[in-house]
Structures are given as C-alpha cells and as structure tokens.
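Listed below are the residues making up each chain.
Protein chains: 2
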Amino acid sequence: MTYCVGLLLKDGLVFASDSRTNAGVDYVTSFSKLHIFTPAPDRFFVLMSSGNLATTQGVLNRIVRDLEYPSDRGSLLTARYMFEAADYIGKISQEIQREHGPALMSSGVSVETTLILGGQIQGQNPGLMLIYPQGNYFEATRETPYLQIGENKYGKPVLDRAVGALTGLEEGARLLLVSLDATSRSNATVGPPFEVAIYRRDDMKINHHLKLAANDPYLLQLQQCWNEGLCATLHSLPVFDWETPALG
Amino acid sequence: MTYCVGLLLKDGLVFASDSRTNAGVDYVTSFSKLHIFTPAPDRFFVLMSSGNLATTQGVLNRIVRDLEYPSDRGSLLTARYMFEAADYIGKISQEIQREHGPALMSSGVSVETTLILGGQIQGQNPGLMLIYPQGNYFEATRETPYLQIGENKYGKPVLDRAVGALTGLEEGARLLLVSLDATSRSNATVGPPFEVAIYRRDDMKINHHLKLAANDPYLLQLQQCWNEGLCATLHSLPVFDWETPALG
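First to last, the sequence lines map onto chains A and B. First residue of the first sequence: 1015, per the numbering used here; consecutive thereafter. First residue of the second sequence: 1015, per the numbering used here; consecutive thereafter.
The hints are simulated quantities; they were obtained by calculation from the structure and are not laboratory data. All residues carry an ideal CB built from backbone N, CA and C; glycine is no exception. Worth double-checking, as some hints may not be accurate.
Counterexamples of contact, computed for chain B against chain A with all Cβ distances above 10 Å [claimed, not checked]: (1) Gly-1137; (2) Thr-1197; (3) Asn-1241; (4) Leu-1248; (5) Asp-1255.
Partial chain A-side listing against chain B, Cβ under 8 Å, derived [to be verified]: (6) Arg-1057; (7) Asn-1075; (8) Val-1078; (9) Tyr-1102; (10) Tyr-1168; (11) Lys-1170; (12) Glu-1184; (13) Arg-1188; (14) Leu-1189; (15) Asp-1230; (16) Tyr-1232; (17) Leu-1233; (18) Cys-1239; (19) Gly-1243; (20) Ser-1250; (21) Pro-1252.
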C-alpha cells in the first residue's frame, strides 16, 4: 500500500509521500512515489501515485517520451491549463490499463493507479487534483485543501482537525509529515523514507525537497515533539464531573 | 458502519461506542451498541457490536433468554471463565448466522457481526476479547490493551500514540472519546451519541455510564480542548533548518 497527500495553500503547494511498495508481505521494497517535472520555465508539475507500480512507471515513462518526441496526443508542454495536464495524464493511464488490464485481471491483480497531480502554469493559479484510475479528476479547493491517495484513513483526522490552523507552507509540510507518521505507525504497509516537497506559488520550481529516512534526526525530533504534545493535551483534557479537579 | 473500542487497564476496563446505524445512506438511525449484563453479583459483562443489526439483536435476545430459561447450552451464568463466556457468545452468533445467512446472502447482505466482550468473573482478572463472526476470539493484553471493531482506522493513530501514557480509567475514557470523535469527524457513518462506560476492577458493576449527544457540553469542551492542544502542538513543532527560528 501507499500513502500520499497533497495540500493546496494560499502560498503554494505541499506534497508528501511514503516510499514503501509491497507485492504481498514477502516482497516489500522502496520506491519513490513523488515525481517532479519541469519541462519548461513557465510550468511545473508534481505527480504522486498509489496503485499498480508497473502502471505508474508506464505513465511516468510515457510522460517523458511525449516531452522528447512530441505527437498529436499532446504532452505536459502543450497543456494550457492544469486541467488539460490532468486530462492528458488520465488518458495515458487509461491507455496503459487497457493494454495490460486483461492479462492482470486473469491473474487477479489490479492494474489501476490513482494519481495526485499538482503544479502551476505561469499566469494561472496553482492547482492540485486527484486523477482516478478511470481517467477523470477532481480538484482541491479552499474548503477541502488536501487530497489523499492510498491508505488514507489513519492520517485523515489530524488533517481535518488542523488544516484550518495552518500558518504557511512549512507548517503544512510538518502537518503532512505528522499525517504520514500516524499512518506509518498504525499500518505496516506504509513506511519511511518519507518524501516532502514544498512549492512556493509562482516559483515554477520546487523550493525544498526532503527525503527523510526512519532514523532521520529531524523526523525523530518531530515524532517526539508531536507525541509529547499529544500526551500533554490528553493530560489536560477537562475531567468528568465526578473527578476531583486538581488544585491550582 | 460503527466504531466501538474497548480498553484493558490495570485498574479495570473502559468501553466506548458510537450509536449510528445505517442501511444505506437513506436509512440512518440511532441504536445503542453497548450492552451491559450483570446476571449475578459475582460477574459482570459488557458486549459491544459491529455488523448486522439483526444478528446482533438476535445474540442479545438469546443471551437474555438463556439466563431466564437455563438449558444445556449454558449461559453467562454458567461460564466459569471469561473465555467460556466468549465461546458461548461466539456459538450463539454462529447459530444465528447459520439460520439467516443463506437468505441474506441471496440478497447480497452480510449476516456477520463482530463483537467485543469485556468483563470480570469474581476471583479472576478482568478480560477483554474480540469475538469474530466465525465464533473464535482473541484477548487484549498489556502490550496491546485496546480492541476496536467497525470503522477502526481513523481512531487508531491516537490510541497507538497515547495509550502508553494513560494515568487511569477516566483518562482512558477521555482517550476513547477522542478516538471516537476523530472517527466521527472523518467518516459520516460514525456519529453521536457516544456512549462511554467505565468499570473499576473487582466492582462487578459499571461505575459510570455516559451517553453524550452531539451538543453535550462536556463533549464540546473535550473537542475544543483537544483541537486547541493539537493546533498548539502543530505550531510548536521543530522548524526546518532553512527557516529562521523564532527568537526567545
């Protein structure tokens, strides 16, 4: 399984993903799920993936080929809007699924991949969208500024509680790391290294891109600080009316 | 869907459950999922359920009937150990599923129910076990002191992070409420009223049993306090090395 989450803020975009890939419990490996494309100075894209690894790699490879060998079907260079880029990627994904779906289905394996596309085309607002395996997409909005794919339930409550209180991109990145860490603690199929990428609006390139191993000092410090804050909050919750309130 | 969680602590047991029941999105109702049995002064049981409501009610009804009309198949009165009570309830559950399973399966509806049984028989330690739809069970231990049934993923991270820091039964009840509240915020099929029951070891009766509606002042206070603590913790997380640390 996988867990990826993207965040659309006033100041830009934040992306985070785990790196664990498994085909059964006996074949657990590490693959990056966060892919950056800057095909021209006026545009910037990040693609994150959850699902069949072969389908995902097929999508990535064809995106690169279409940039190097332009054709009628377009590319990330020809997209005039973020939604056209999403449509284009959705079509490639469908194409690969059509090619390999029947063979995989007969083996009982899903060919599907779900993608998060974020980015900006100059002169327009940054965009963040979830591309379904069926090729269609929907966009994050001010009301629902985050999108998740993969093992999304464990890390959702903390997003729901805190996303409205965010002060900026870096704090957004910390919140996504907490959400990833929560998922990784509670589910063995999601694990470090955790990747985080921060994109500041109108920069047309990634500002910061971190890859944090399980023993990364910053990640350990973040985990400890979060756990201590959570336990302190637990100890400070209002007591029931039959308990003697502590003096002071 | 449903979310129920039980907690085994040194001092006793804590139980919490939501009350939302739905058959599709058009038929959402409220049913208690936390059932208390004190058939004799030397024993005490709590049963929580997630799954087919008819199967669950069938199990509850037959438990009561077996107490009033003793027979060879035993009852909660004849169980000499907690595990015998679990075995007995697992058998009743299987019996009902056998009776109604084929008809329900032909309608595409699951007849299954998953149960959490907690309690104590005098002279023994309190016990907490999860009874599978197949009738077998497993027990909570010191290492894994909580058991969940139903929509369990949203509320798990906070348990994993904080369960080791609990100071007592009341704080355990607050933690379970936070776990319920997290689930309810992130998933529309889990909702208040929330029930909480606290059992102090060797008391052979429930010490406190609360039913908190969505607008209950204590619940609102708990939610606010938890959210504030979470957001304060988020704001206090260690900054990335490229950020200018705040002075002081």
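Hint check:
1. Gly-1137: holds, 28 Å
2. Thr-1197: About 7 Å separates Thr-1197(B) from the closest Cβ of chain A, which leaves it inside 10 Å; violated.
3. Asn-1241: violated, 5 Å
4. Leu-1248: For Leu-1248(B), whose nearest Cβ neighbour in chain A is about 5 Å away, the distance does not exceed 10 Å, so it is violated.
5. Asp-1255: Non-interface label fails for Asp-1255(B): nearest chain A Cβ at 8 Å, not farther than 10 Å.
6. Arg-1057: violated, 25 Å
7. Asn-1075: Result: violated, 32 Å to nearest chain B Cβ.
8. Val-1078: violated, 30 Å
9. Tyr-1102: At 32 Å from the nearest chain B Cβ, Tyr-1102(A) fails the 8 Å test, so the hint is violated.
10. Tyr-1168: It holds, given that the least Cβ distance between Tyr-1168(A) and chain B is near 5 Å, below 8 Å.
11. Lys-1170: holds, 5 Å
12. Glu-1184: At about 6 Å, which falls below the 8 Å cut-off, the nearest Cβ of chain B leaves the hint on Glu-1184(A) intact, so it holds.
13. Arg-1188: holds, 5 Å
14. Leu-1189: The hint holds - Leu-1189(A) has a Cβ within 8 Å of chain B, the shortest such distance being about 6 Å.
15. Asp-1230: Violated: closest Cβ of chain B sits about 12 Å from Asp-1230(A), beyond 8 Å.
16. Tyr-1232: Since chain B brings a Cβ to about 7 Å from Tyr-1232(A), closer than 8 Å, the hint holds.
17. Leu-1233: violated, 10 Å
18. Cys-1239: Because about 5 Å separates Cys-1239(A) from the closest Cβ in chain B, which is inside the 8 Å limit, the hint holds.
19. Gly-1243: holds, 3 Å
20. Ser-1250: This hint holds: Ser-1250(A) lies near chain B, its Cβ roughly 7 Å from the closest one there, short of 8 Å.
21. Pro-1252: Hint holds; Pro-1252(A) Cβ to chain B Cβ min 5 Å, cut 8 Å.
Against the hints set out earlier in the document, violations occur for numbers 2, 3, 4, 5, 6, 7, 8, 9, 15, 17.
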